[in-house]
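A.B. asks: One point on numbering: in the working numbering, the residue at position 110 of the sequence shown is 112, and numbering is uninterrupted.
Treat the hints with care, since some could be wrong.
As the list claims (entries may be wrong) - Cβ pair distances, simulated, as ranges: (1) Gln219 <-> Asn119: 45 to 55 Å; (2) Lys191 <-> Asp66: 20 to 30 Å; (3) Val65 <-> Ser207: 25 to 35 Å; (4) Glu223 <-> Lys244: 14 to 24 Å; (5) Asn119 <-> Ala217: 46 to 56 Å; (6) Lys70 <-> Lys226: 50 to 60 Å; (7) Asp66 <-> Lys226: 49 to 59 Å; (8) Lys63 <-> Lys209: 32 to 42 Å.
Quick caveat, the hints were computed from the structure, so don't treat them as lab data.
All figures in this text were calculated on a predicted structure; none of them were measured in a lab.
Cβ atoms here follow ideal geometry from the backbone N, Cα and C, with glycine treated the same way.
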Amino acid sequence: MKSYIKFIFVVLLASCDGDVNNSNLELSNFIKPEYSFKESSFNCNLVADKTLNSVERFIPKFVDSFKKMGGDAEELYFLFPVTENKTETQSFELLLKHNEVNSLDKFNLALTALNFNEIAICNTSGISRYSFELTNEAIVSSPAIAEVLECKYKDGFNYATIKLVLEQFTDALIQNNSSVNIFYSEKLKSNNSFQWTNLFSSLESRKVFVQDWQALQISKEIQKLLLEQSACQSSKVFRRYKVF
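Throw the hints in and build the complete structure from the sequences for me.
C.D. replies: The structure is reproduced here in structure tokens:
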């Protein structure tokens, strides 16, 4: 009996004394995000003699064409950067939310058939991500304000290690009735980087959220925990218009 207890004790010590990084990597094999949809985004730039009015006139034709191809399960958004000097931007993004296997092919085919490249030049491959909602706050206004951060995990960390911090964060948001919808996304075949998107109903509601959140004591604790595991670039802010 004593030998059996000693054996268990040795096994426990061995498991606790292992390489933390290796433990985190093993943990990532079991704890993964529960994705609910895909996102494909395209960076676009207006052709020299075109304006955003040209894009606006194009949208109804595109919607009609895409729907005729059976595009009923997707959502499409146009994202225009929020600029401080309020000058008209020459760049924007297209964001397609989808689950169907052939959604991206239909999307590209519809753009090509309508000669969208005469209005704007977009990267043809797009960036595809698996995504899910961290919060389920319904932001239905259009335009909405999307704040996007590109982040990377520090060595030894991944979604499995940060999951508990995210749960603490979302619990704090619920308790404080915070009006923000948050999306977590990872590129296909990548587990060392992620995209974080905050969605607000307006620039004013974003300002109020930041002020209210920073006033909470728990916000400092959660920020510290997030910074220990990940590093993010400066956020980009867009006006997000839902097309369908």
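A.B. asks: Give a verdict on every hint.
C.D. replies: Hint check results:
no.	hint	result
1	Gln219 <-> Asn119: 45 to 55 Å	holds (52 Å)
2	Lys191 <-> Asp66: 20 to 30 Å	violated (35 Å)
3	Val65 <-> Ser207: 25 to 35 Å	holds (28 Å)
4	Glu223 <-> Lys244: 14 to 24 Å	violated (35 Å)
5	Asn119 <-> Ala217: 46 to 56 Å	holds (48 Å)
6	Lys70 <-> Lys226: 50 to 60 Å	holds (52 Å)
7	Asp66 <-> Lys226: 49 to 59 Å	holds (51 Å)
8	Lys63 <-> Lys209: 32 to 42 Å	holds (37 Å)
Checked against the numbered hints above, the structure breaks hints 2, 4 and satisfies the rest.
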